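Assembly of the complex is requested from the two constituent chains, each provided in isolation within its own frame, with the hints serving as guidance.
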Amino acid sequence: MSEFSNTPLKLEDIPDFKDVKLQPIHPGFKNILIIRFSIGLIVTGLLIAVLFVFILLPLWIPLLVSVLSLLIFTMIYMEFFIGFPIRQFALRELDIIYRHGFFVTKETIVPFSRIQHIEIKQDLLMRQYKLYALAIYTAGESTGDLKISGLDLDTAQKLKSKVLHKVKDE
Amino acid sequence: MNDESVFTLPQRQSFQGVFVLFFTDLLKRFKQNIYIIVLPFINEKIRTDYLWLFFALLFVLIVLQLLYSYKYYLNYQFYIRKDAFCLDYGVFKKSNLEIPFYRIQNISIEQNLAQKILGVVGLKIDTAGATQAEVKIKALSSIKANSLKQELIEIREKTTDSTEVTLNDKQERSNSKSNSKVVLKLSISQLLKVGVSSNFFKGIGIIFLVITSTYDLISDLFGIFYEEDDFHNQIYNSVPKTISFTFIFITFLLILGFLITVISAILKYYHLKVISRDDGFEVNYGLFNRQSKFIKVNKTQIIEWETNPIKRLFNISNVYVSQASSGRVNQNKKIGIVGVNYMQFNEIFYTLFNKQIEQDFSYTKSNFRYLFRLFWFQVIMTAIFLTPTYFIFSPLTGYIVGSLIFLFTGWINYLRVKKSYIGFNEHFLKIGSGSIHTKTSYLPCYKIVSTSAQQSIIQKKSQLTDLVIYTAAGSKTIRFIPYHKAVDIMNKTNYYLHQSKKEWM
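Chains as they are written, first to last, in my numbering: chain B, 1 to 170; chain A, 1001 to 1505.
Bear in mind the hints are in silico, worked out from the structure with no lab data behind them.
Some clues are possibly wrong.
Counterexamples of contact, computed for chain B against chain A with all Cβ distances above 10 angstroms [said to hold, decoys possible]:
(1) R36
(2) F52
(3) L63
(4) L71
(5) S161
Derived DSS-like pairs: lysine-lysine, alpha-carbon spacing no greater than 30 angstroms straight-line [what the hints assert, rightly or not]:
(6) A/K1502 - B/K18
(7) A/K1476 - B/K160
(8) B/K106 - A/K1502
(9) A/K1492 - B/K158
(10) A/K1502 - B/K147
(11) B/K21 - A/K1476
(12) A/K1476 - B/K18
(13) A/K1461 - B/K30
(14) A/K1333 - B/K106
(15) B/K147 - A/K1501
(16) A/K1419 - B/K106
(17) B/K18 - A/K1365
(18) A/K1333 - B/K147
(19) A/K1430 - B/K18
(20) B/K147 - A/K1461
(21) B/K21 - A/K1501
(22) B/K147 - A/K1334
(23) B/K147 - A/K1492
(24) B/K106 - A/K1365
(25) B/K18 - A/K1419
(26) A/K1430 - B/K147
(27) A/K1461 - B/K18
(28) A/K1492 - B/K18
(29) B/K30 - A/K1460
(30) B/K162 - A/K1502
(31) A/K1485 - B/K21
(32) A/K1501 - B/K158
(33) B/K160 - A/K1501
(34) A/K1460 - B/K106
(35) B/K106 - A/K1476
Some chain B residues judged to face chain A by a derived CB distance under 10 angstroms, without partners named [claimed, not checked]:
(36) L94
(37) F102
(38) F103
(39) K106
(40) E107
Quick caveat, the model's predicted, so the values are computed rather than measured.
Glycine included, each C-beta is placed from N, C-alpha and C at the ideal position.
Extracted from the complex, chain A is given alone in its bound form (with noise of 0.2 angstroms):
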């Protein structure tokens, strides 16, 4: 198939290509030069003598622009090789790359809002490699990226399967020869669901970051007019120093939270789908920036299983997938399913995992004293809250608000401590964590790649320790279980690890 390919030949993007680049590009020129922008808006002198110079000079920056966005697209050329995926590219500097197709970790196909308002679509090739080298094609009609990624797999599966894939691989693959089926679909309702039972905490959270920034560009841009006492006098006796206020004020970050919470979800997790395939899973999702994201059987590291009390009330969870990944894995970085009912998890799981969930672990709880080293977060937390109201209110306002964040924090300490547990058996790791929501992690035992055990003078008394479990996307700490418990679970897990000759990255 891949000798008539029309991707032996090289490919350009698709024409609009150029609009992408040229928008992007000019995006982010803008944002570099942005002060240089806005001079002739301050200083009077340039904006009189100098103004027909500065539109006269953008406008040839952005014919400029345009054409060099133009040549980009033009020597922007891909194609398929025997044994490589190959890009041509570079207007002044020309460049060759060359990915070879086992190096190819992850081909998924987005969407962003010029892409959308062009009607390509772009695609991205992952390589795993000490430095990242991945390549983002930014504009190909729908079809022809899917053939594109359709291929690769392909072309990938074939070159792989004659060296990598171990036997036990090849029969499970066989088992189940080119099923595809939608796993799971989110329709709208449900997505509401999800976006009700998020954590509001984040949204509350962004619209701080916004009034604190906000306040800051407007202060600066006023403080070129305004003497900058002034405009801080003006602001301060502006804001009413009473409980009234304060409530109102608190009720209404509230609900704004809330709803911008909702709202991201929605837009965030837009139709939904996951569609499980040969070799693992693929997710889509998102309204203006659309995404298609592969789980891979081999590459997945974690999954975890993150559920809260309104949740649980919905029957619908989170789940997050950690694949191995050559930096930092992050929250950004897990592939995310939303509104997944346990049915499906374990689903999903088995395909994974080729296991059941519900299995046999034996437990080892965090010791309560892992709430003298939380209670820090306590006291920082209290304080937070307590000086700002203290001032700028009142005194009692302070108090009453700083006692009721105390005995907040207090309990999501005491819920962080009860929720923490590792299990274990010859197969998996199973690590809870949480506070008002609970997460549960599990990990195959031949994914870990190193363990350790760290113990600071205090826990050294108590004969409790903290274990941190490495893998190839990520570590997770379990603290202040009993030393003796850690040593058993290094020394079990490092010999189911060796035992395991399963292909673990």
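Chain B with its partners taken away, still in its complex shape (with noise of 0.2 angstroms):
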């Protein structure tokens, strides 16, 4: 360990990663929610209806479903508006940190020079909206991938860039 020539830090003075101001996301990003979320409802909505109709069931499954979906709904639906302001991220100098989840929050640190390679994504919705995901790899298990959804083009590619610039500093 010769190479460090770092004055030695307090364990205390160690930057504390709650005390970074996270910025929100695009708030625009909450419509993209809404329809998603309606898409579904109305899908679901359907299936039980042709339960319902067409197929002769006792009539507990098709209430049971219903019940059940409904549960799953106002859950997602508190997750998606309860749990949007809770979605956010801020750069460090050295790593990314991002937050979400109502129900589950998790907050993750992904340092930059353990990312491998990064990428911009749109899907469908989101380019009527002009809004985009930035996806950050990591290696090994994907589960540890960081997915930020809900940016515009400007603050996407400045972290995208700014980003590669620190993983080529390394």
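Put into structure tokens, the structure is as follows:
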């Protein structure tokens, strides 16, 4: 470890990631979430209706299915709308921080030096709103990857170039 | 040396390769088309009218397969060029594959049953990449395979030495110049101890799998001749509904599970030998399926030490090493070394990480609220055992078995919570887990890829969180630790990670 010329830091002085002020994602992404949510709701509703009308099932089956899906949709609704302000990210000098989720809040730190590659993605719905997703791939298991959805092009590209620049520096 | 090497010229496999290829392909075809082969035995019309045609066709196909294998063997050529390992192959569509030396991750020599009979070995070259590109040379003489492996390792060494390896590593390497010594060699009696102290539940699981699948198979086959209901009735009627039968049955299962576990452990780890080399360990084991694996110092991410009460009695334990990989690292991909005592583990640890294993860690234990989440496991397991015994045997048996299982799984859950902890210092994370067995995982801070804190709304109320540590060889989760501790660990490991300039993958 001869390469270090750092003056030793006191352990209390190590920067705390909780002190970093996080940045919310684009508010327009909420609309995308609403549309996705509604499509899912309509499709499931139709399926339940088909179950009711065309297939002669004992009444309790479609009832149970509708109650369960109602419950699930309420939870997704809460996840999206109460959870929306929780979706925040921040860049630090050496890493990127992302936080998301209402029922399960996940806070992740990915150091730039551990990033393998980065992609800017966009699906059909996002194209309508001119929003993008930044996918950050790390080595190993895919669960360690990070995807930040709902960024405008400017932010996405800025993030990408900043991260790439940092990755190259290493 | 590599200028005059034979491998600069295109090489074929051993001639036996034709047969290895032929048999493996034939087996594959057979598996794919099993239904067509079974056809004449089911349908009487086909059996009487077209049986000769069927066999003639089968014969032609086998001959064609043999010709294909021969041609494949002729076209399959490999050679070493200045900067890459090259491979030409293909019968109808010819391909040329080039693997740059620096992309080669791992070279292993393996021998399956067919290869053993024909007296050849297989050589596997693993590469790292988004898509799994790997080369499997199916038949080489043992001498040729070893010299090819040696040569590839040497060339790789030369190419990486000039580019990647840091100063630190070079110094370490010159200190321990070319020593290859046997760290561990398992005798049959030790192997027996390993087998006896293995987890029998796995063996019992295998038996259940075999029983259920053969039951399905038998009822499928006989279902053609008998009416389905009759068959089921026969089976159920012949099950005596007595408690003594249950106990005999369970004892039988336990003994069988025990035997299967012991035998499979012996077959798998037969003649285990761990040899320490310059940049890692070579691990050889197996009776029918002889494996040769290499643990590289640089690629090693996590090392796990596993023991259980019986193993402690014998003073042996298992060590698992996880290396960086492109896919998911599951239990099969980890390199297992069994029958290791603490001294030997210490030696392996020291070689891999250049640190003693005994260090000061600051520990954080999982909170006992973790039991609430594990409670589901208890409920489901109880239901799985209670329901069938309740209906097949008697309600009383059901309740007895159910409550026993409930107590047993409760005890297991208690142990799981008790054994779950994380310790850290500036060099390592030490993560404890296990139930009846005890597992201790060590991973160097500079090998961490990312960290995250996962907090459910229930955990939020009690200020607890799950901490996930991602590495290039899979992730580790520590559940229900205090939130501020998790944040502290994330901050500090993140700091240590940036401090280290060592090569991490």
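Consistency of the hints with the structure:
The Cβ of B/R36 sits about 23 angstroms from the closest Cβ of chain A, beyond the 10 angstroms cut-off, so the non-interface label holds. With 10 angstroms as the threshold on Cβ separation, the claim that B/F52 sits away from chain A holds: the shortest Cβ distance comes to roughly 31 angstroms. For B/L63, the condition that its CB be more than 10 angstroms from all CB atoms of chain A holds, with the nearest at approximately 24 angstroms. In this structure B/L71 is separated from chain A by more than 10 angstroms, as the shortest Cβ-Cβ distance comes to about 16 angstroms.
The beta carbon of B/S161 is kept farther than 10 angstroms from every beta carbon of chain A, the shortest such distance being approximately 21 angstroms. With a C-alpha separation of about 27 angstroms, the suggested pairing of A/K1502 with B/K18 holds against the 30 angstroms cut-off. With a CA separation close to 28 angstroms, the supplied pair A/K1476 and B/K160 stays within the 30 angstroms bound. A C-alpha spacing of about 29 angstroms is found between B/K106 and A/K1502, which places the hinted pair at or below 30 angstroms, so the restraint holds.
Of the pairs offered as hints, the one joining A/K1492 and B/K158 holds, with about 28 angstroms between alpha carbons and a cut-off of 30 angstroms not exceeded. Annotation: proposed proximity of A/K1502 to B/K147 holds, straight-line Cα distance about 28 angstroms (limit 30 angstroms). A C-alpha spacing of about 28 angstroms is found between B/K21 and A/K1476, which places the hinted pair at or below 30 angstroms, so the restraint holds. Distance check on the hinted pair: A/K1476 and B/K18 sit about 22 angstroms apart at the alpha-carbon level, within 30 angstroms; holds.
Between A/K1461 and B/K30 the alpha-carbon distance is near 27 angstroms, which keeps this suggested pair within the 30 angstroms criterion. Distance restraint check for A/K1333 and B/K106: the Cα-Cα separation of roughly 28 angstroms lies within the 30 angstroms cut-off, and the hinted pair is therefore satisfied. Between B/K147 and A/K1501 the CA atoms are separated by roughly 27 angstroms; this keeps the pair inside 30 angstroms, and the hint holds. Annotation: proposed proximity of A/K1419 to B/K106 holds, straight-line Cα distance about 24 angstroms (limit 30 angstroms).
Between B/K18 and A/K1365 the alpha-carbon distance is near 22 angstroms, which keeps this suggested pair within the 30 angstroms criterion. For the given pair, A/K1333 sits about 27 angstroms from B/K147 by alpha-carbon distance, which is consistent with the 30 angstroms threshold. As the CA atoms of A/K1430 and B/K18 are separated by approximately 24 angstroms, the hinted pair is consistent with the 30 angstroms bound. The hinted pair formed by B/K147 and A/K1461 meets the criterion: a straight-line CA distance of about 27 angstroms does not exceed 30 angstroms.
Between the alpha carbons of B/K21 and A/K1501 the distance comes to roughly 28 angstroms, so the proposed pair stays at or under 30 angstroms and holds. Between B/K147 and A/K1334, the direct Cα distance comes to roughly 28 angstroms. Compliance with the 30 angstroms bound is thereby established for this hinted pair. Straight-line distance between C-alpha atoms of B/K147 and A/K1492 comes to about 24 angstroms, which keeps the hinted pair within the 30 angstroms bound. The hinted pair formed by B/K106 and A/K1365 meets the criterion: a straight-line CA distance of about 20 angstroms does not exceed 30 angstroms.
Pair hint B/K18 plus A/K1419 holds up; C-alpha atoms about 29 angstroms apart against a cutoff of 30 angstroms. As the CA atoms of A/K1430 and B/K147 are separated by approximately 29 angstroms, the hinted pair is consistent with the 30 angstroms bound. Between A/K1461 and B/K18, the direct Cα distance comes to roughly 18 angstroms. Compliance with the 30 angstroms bound is thereby established for this hinted pair. The straight-line distance between the Cα atoms of A/K1492 and B/K18 is roughly 13 angstroms, inside the 30 angstroms bound, and the hint therefore holds.
Taken as a hint, the B/K30 and A/K1460 pair is honoured in the structure, with Cα atoms around 25 angstroms apart against an allowance of 30 angstroms. Between B/K162 and A/K1502 the CA atoms are separated by roughly 23 angstroms; this keeps the pair inside 30 angstroms, and the hint holds. A threshold of 30 angstroms between alpha carbons decides the hint, and for A/K1485 with B/K21 the separation of about 20 angstroms falls inside it, so the pair holds. This hinted pair checks out: A/K1501 and B/K158 have alpha carbons roughly 27 angstroms apart, not beyond 30 angstroms.
With a C-alpha separation of about 24 angstroms, the suggested pairing of B/K160 with A/K1501 holds against the 30 angstroms cut-off. Pair hint A/K1460 plus B/K106 holds up; C-alpha atoms about 12 angstroms apart against a cutoff of 30 angstroms. Only pairs whose Cα atoms come within 30 angstroms are accepted, and B/K106 paired with A/K1476 is accepted, the gap being roughly 15 angstroms. Residue-level restraint check for B/L94 holds (minimum Cβ-Cβ distance to chain A is 5 angstroms; threshold 10 angstroms).
A distance limit of 10 angstroms between C-beta atoms decides the matter here; for B/F102 the minimum to chain A is near 7 angstroms, and the interface restraint holds. Satisfaction of the interface hint for B/F103 is found here, the shortest Cβ-Cβ separation to chain A being roughly 6 angstroms, below the 10 angstroms cut-off. The beta carbon of B/K106 is positioned within 10 angstroms of a beta carbon in chain A (closest approach about 5 angstroms), and the interface hint is therefore held. Against a cut-off of 10 angstroms between C-beta atoms, the interface hint on B/E107 holds, since the closest Cβ of chain A lies about 5 angstroms away.
No hint from the list above goes unmet by this structure.
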